[in-house]
Amino acid sequence: MNPHKRSPFVITAATLVYVFLYAPIVALVLYSFNASRANVTFEGFITQTSERVVMDGSLVKASPCGAFHWYCDLSKNDDVIEAAGNTLTIAFTATIIATTIGTMAALALQRYDFKIKPFSQLSLYIPIVIPEIVMGIGILTLFSQTFGWLNETLGLTGDARLALGIGTVTVSHIAFMVPFVTLVVQARLQGFDKSFEEAAMDLGANEWTTFWRVTFPMILPGVLSGALLAFTLSLDDFVITFFTNGPGSTTLPIYVYGLLRRIITPQVNALSTVWITIVFIAVLLLQWLQSRETKPAH
Amino acid sequence: MLQRLRENKSMQGTFLALPTTLWLFVLLIIPLFLTFVISFGQRSPDGDVIFSFSLDNYIRLFGYSTDCPDGQASCFDPLYVNILWRSLSLAFNTTVLVILMAYPLAYFIARATPKQRNMFLFMVLIPLWTNFVIRVYAWMMLLRKEGAINVIIGWVAGLFNLPFTPLEMLYTPGAVLVGMVYEFLPFMILPIYTSLEKIDTSLYEAAADLGANALRTFLRVTLPLSMPGVVAGTILVFIPVMGTFIVSDILGGRQVILVGNLIQRQFLDARDPTFGSAASLILMVMTLIVTYFYTRKFGFGEEIVVA
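Chains as they are written, first to last, in my numbering: chain Z, 1 to 298; chain X, 299 to 605.
Hints listed in this document are in silico derivations from the structure and should not be mistaken for laboratory results.
Incorrect hints may appear among the rest.
On the chain X side, residues computed to face chain Z include the following (Cβ under 8 angstroms) [claimed, not checked]:
# : residue
1 : T318
2 : I397
3 : Y480
4 : L483
All residues carry an ideal CB built from backbone N, CA and C; glycine is no exception.
Required output: the full structure, derived from the provided sequences and hints.
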């Protein structure tokens, strides 16, 4: 029996599911080249001109950027640029912290016995079993209650008042990112051959040197894929950000959500297409890291 | 000496795990506790929280109302019970549909040659990692009256000279269901794939040698062995569907209100965090009960962390 044999039914069903998965994405990308500003029906592509943008009602007839008119338009949108900046700032900061403390926790849980170990391990599953909105409103309540109390007792006024912003979003992102980093690194540590470390110790290396020269290089692919996963989770997050952001800390998902409730031009599609392209590259990178990880270490 | 070293080891472990444990304690456990406390509180006239012990929010959630049409002092208002029920049945329908769609695809990928397998998996990851809000928006475009689906149906109808009026698909419960299925499908494909891929192919050969046909092999060998994946996938789909509010917000207009929308509005528009907290506790209890009984019956393994 050929293990790779699949019935026509399975092949048809799989193809249909792939069509279902990709049809919306194809439409999204196509409409980013739409000549129609109203973006309701597809009115064809925009032609290239060396002059200024030519409009005809809500149709863009010609643009210096040609078919990529909405991408040029996007690059001039200050709100998008600010939101993208916020998104990246939050994601980078949160990833660095979450990866560091998450890897430490993975080492502790895999290598050591200590009193709070069961509690530490169990708390990692909270973000999986509890709906995100429950976490979101809980964190919002925590911030609003403590900030309200602190502002009052310390007599903070004006700009000194504690308020929701990039800081609160980052701190909250770390909370849901850490468990994923820890679980990924833990999985990597489980298949770890301890004899390399023992050899290093036998050769006279102390624990610190052994960690940085032997253990860390070996778990590095796991740490990196954990970090990349955490980074993507942060970029992608809507719910937690929605409840913890404040003025000046709008991220891209929050910005897009705001647009969906107003007028939508193909600019949103251009933004989505750029995003999908970045995701495409990130997933390729992640797969490459994981394929390296499965190869035996030398 | 040995004793001290062991103590030292334990201290090292605590030190390494402390930042994470503390972070999760402050930002996940304390907030849950606060939500619990506040749900028994009351709303002050300016929207603040008055800490107290009252069951009013819960009584209101389960239908007790003092705002009655025919002058009664109190009556049963099914508004919130209906919202809870709608969310539960939508989560159930979504999960069933997602399993039916994800299983054949996961099976297809698991049976592919190792080289093809990576490419097919890659094709599942792209929609998964495309932003949630963007994916909802994509369906908004497709389902609109002038959207791609109506255009295609209209074109096919035109080929056969059939009359066609564009379907009203956006802002219906159906649109919300489709959106939910689309959003969470990859979360089912990956765990099912993981458990299918682990099945030893010699089991298929054994089943064939013993005279089982393809269907029987599937029902008696493949399906039972892939159940951990289905269970893990169900948890990854059911729980978020219960709490999501964007899909119903964008694709349901204001027509389809789920628990998520109810909670969100209490915290932003209506400004009654105490009632919102009570609703989110009920949501959490509902998901935990379903998850508990479901996993106790079937159990799940490492498949839960594949996504």
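How the hints compare with the structure:
Interface restraint check for T318 (chain X): the shortest CB-CB distance to chain Z comes to about 4 angstroms, inside 8 angstroms, so the restraint holds. A distance limit of 8 angstroms between C-beta atoms decides the matter here; for I397 (chain X) the minimum to chain Z is near 12 angstroms, and the interface restraint is violated. Below 8 angstroms, beta-carbon pairs count as interface contacts, and Y480 (chain X) has one with chain Z at about 7 angstroms; its hint therefore holds. The beta carbon of L483 (chain X) is positioned within 8 angstroms of a beta carbon in chain Z (closest approach about 7 angstroms), and the interface hint is therefore held.
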